[in-house]
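Same order as they appear, the protein sequences are chains A and B.
Residue numbers for the first sequence follow the numbering used here, so the first one is 1 and each next one is one higher.
Residue numbers for the second sequence follow the numbering used here, so the first one is 1 and each next one is one higher.
None of these hints come from the bench; they were simulated from the model.
Glycine included, each C-beta is placed from N, C-alpha and C at the ideal position.
Check before you lean on any hint, since a few could be wrong.
Said to hold, decoys possible - Here are the computed distance ranges between Cβ atoms for each label pair:
1) B:ALA214 to A:ASP90: 49 to 59 angstroms
2) B:ARG118 to A:GLU137: 36 to 46 angstroms
3) B:ASP128 to A:LYS60: 25 to 35 angstroms
As the list claims (entries may be wrong) - Which residues of chain A face chain B? A few of them, derived with a C-beta cut under 7 angstroms, are:
4) VAL27
5) GLU28
6) ALA36
7) HIS39
8) GLU56
9) PHE58
10) LYS60
11) ARG121
12) VAL127
13) ALA132
14) THR146
15) ALA176
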Amino acid sequence: MPHPPELDDLTLARARRGDAGASRALVERYQRPVFALLHRMLPTASAALVEDLAQETFLKVFRALPEFRPDGPARLSTWILTVASRLAIDELRRRPHPTVPLEEASHVVTERTADETTRRRLLARTVEGAVAALPAEYRVTFLLRTHHDLSYEEIAAALGVDVGTVKSRLSRAKAALRQALVEVHHEEA
Amino acid sequence: MKKPDEPTLPPDDDLADAPELRAALDAWETPAPPVGFVDRVMSAHTGIPQAQSVTSSRRPWRVVAPVALAAAALLVALPRTWLPSRGDWRVDVARELKLGGRAVAAASAGAQLRWDVRLGGATHVTQDSGTIFYRVEPGSTFVVETPAGTVTVQGTCFQVDVDTSGRQVMGMQNGKQVAMGALVGATLSTAVLVTVYEGKVAFANTGGQQVLTAGQSAVATSTQAPQRVDARSQALEQDNRNLRAQRRDLQEQLDALEQQLKSMMMAQANGQDPLVAENRALRDQLASVRRQLEAERAEQQQRAGETVPWPANLGPQYQEEGLKKSFLEAISAAGMQGDVKSIDCTEFPCVVYGEARLEGDKKVAEKRLEAFEQQFYKAYPENEHSVHQSLWTTSEKGPDGTPQQRANFAMSVYPKDTVDEDTRNKVRKRLRHRNEQYMQSALDP
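Please construct the entire structure, taking both the sequences and the accompanying hints into account.
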């Protein structure tokens, strides 16, 4: 899925200087990926909590924005998602949220249906359930890779781990997905 | 071994590239950011309430939750068809109002509206003034009629601002105050701005129609068709355009300077720089002058001979004061009018330069000069001293026309025993040169 382009350099420069209009443009540009990541990281959290974390993300971003180096290794989107990821992980550590057991998640796909749209939704629930069953660090690694197109190196930098750890976590996420999808196919077969 | 119907997952590098998995991931949708989120972030960031915040609290539904729950309980008891209702509302304090069963209007203070919900849910709202945010669930027709056009919606969140002042400015969401008149370029009677947050609406009047989707706005007056605007982006883009233009100008200036510098450096490297050429010519000229000076010095040294060191314990009669005394006494004894012009003791031996005027013709003058020499030599006996002199006379006429002579002297004296024969030759050469110099300067001042 294509992602919108990064904030242009001039608007970013103005936002770094505290320009209100440019700061607003930054929030408008990145609010969707931030909300998407937080919703997926915290699937059982209330909308209010997600909004709180999203707001905290942008407030942290504004505070740290003067330190952000546009010519540095990190894209702005990567950097913002890093902030959101860490807030989500902190939230999960502070108050563990109930996760959807994999069995329960896969159960929904046992309904046999010929409707492709419904099938896709069920698959999505399956993926969601499988991802939600992962530990927080594995979950965020998977989401940053599959939904936000971050490279291994970017994920490693964002989470403060090495690339090998990123690959290991993705491998485990893949195993969980394979398990979930295998069950879907077996049920449909 | 893999079962035939088992899905094939790609390696980790392409984890999400399997079509089926990609489709599943894409189908995993998340809710859009709530309306007003940007305003709330900006309020928290700047500490300034944002003008277009739909409500003042972050989650207004918390505030109205009890009311909503009570309403929900009531709705459960009612059939799922909307009951007709109508009303007329002038808002003094910002508040929310349910329009029938599927719409909520959040009106700012000063807003004025009438509504008519018909059986089945078709809703017709007349908004005469003010700012009202609408949240409408999908269903029957929902129309907002304004003085500048009609807004038709099919399930959406949107906002209608009716400005009846004709000159009132309106705060846009980027915090900038933007006049509606500026947006449409017209003198206003009543202007209406429609902003869509979710879904789709049609904003139309007799002049035309605009279909707006999320994030789009349009403004219209009673005399002008709806025009699409996005004042936030416009203002920001305009600022950016101005800054880009400034940056472009500065860049051009910088480029020009860099080009100029580059040209100068290249010209320097190639020796084409006028300054470099001029410097080279000056250096050549200077070198030539230096060579010439060196040649003249060498020639002068050749003529003047070598400098002779001062002998130790030289008597006072050979030094400046002694020489001056001897010279003046000799002049006086010879009955001449004259004086010492200078005594040069910068090198050995000292040279006395003097001048005297003698009345009468040349013969008379010669006799007086002879007397001067005899008197001078008395102080320096010839068998013990070496004396060098240059003495010459020039015939002139005095102010009254009588003949007179002008005599010039260049005389030096030193004891014989202080120098050997070789040194004496060097001294003679130097003194001869000095005397020639004096004569030349006296004859051709």
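Hints and how they fare:
no. : hint                                     : verdict
1   : B:ALA214 to A:ASP90: 49 to 59 angstroms  : violated, 32 angstroms
2   : B:ARG118 to A:GLU137: 36 to 46 angstroms : violated, 56 angstroms
3   : B:ASP128 to A:LYS60: 25 to 35 angstroms  : violated, 44 angstroms
4   : VAL27                                    : holds, 5 angstroms
5   : GLU28                                    : holds, 6 angstroms
6   : ALA36                                    : holds, 4 angstroms
7   : HIS39                                    : holds, 4 angstroms
8   : GLU56                                    : violated, 9 angstroms
9   : PHE58                                    : holds, 5 angstroms
10  : LYS60                                    : violated, 11 angstroms
11  : ARG121                                   : holds, 6 angstroms
12  : VAL127                                   : holds, 5 angstroms
13  : ALA132                                   : violated, 11 angstroms
14  : THR146                                   : holds, 4 angstroms
15  : ALA176                                   : violated, 11 angstroms
This entry does not satisfy hints 1, 2, 3, 8, 10, 13 and 15, going by the numbered hints stated previously.
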